[in-house]
Amino acid sequence: MLNDQCLQPTTVNVRIRTNRAFLRYCYQEGWIEALFTKNLSQLKSLKMKYRHLHQQK
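Under my numbering, the first residue of the sequence shown carries the number -6, and numbering increases by one thereafter.
These aren't lab readings, by the way, just hints derived from the structure by calculation. These numbers come from a predicted model, not from an experiment. Every residue, glycine too, gets a C-beta built ideally from N, C-alpha and C. Take these hints with a grain of salt, some might be off.
To be verified - Each pair of labels, with its calculated beta carbon distance range:
(1) Lys37 x Cys(-1): 23 to 29 Å
(2) Thr3 x Phe29: 19 to 25 Å
(3) Asn12 x Lys37: 28 to 34 Å
(4) Thr30 x Pro2: 14 to 20 Å
Between the sequences and the hints, there should be enough to build the whole structure, so can you do that?
In structure tokens:
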């Protein structure tokens, strides 16, 4: 999914969190019998390090 749609890891993680919350709600309401969101984990995103560009004298 990430590679096919060119989605950023942050976007995928937001969608995962949203689906986990919805499925947890469905479980609490009795609409689904098993809570299987324990196996859904978020993606690890790479943190970019920024360097300051200084003019050299």
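Against the structure, the hints:
Here the CB-CB span from Lys37 to Cys(-1) is close to 18 Å, at odds with the stated 23 to 29 Å. Between Thr3 and Phe29 the C-beta distance comes to about 24 Å, which sits within the given range of 19 to 25 Å. Distance hint for Asn12 and Lys37: a CB-CB separation of about 18 Å, inconsistent with the stated range 28 to 34 Å. At about 19 Å, the CB distance of Thr30 to Pro2 agrees with the hint of 14 to 20 Å.
In terms of the numbered hints stated before, the structure departs from hints 1 and 3, listed from lowest to highest.
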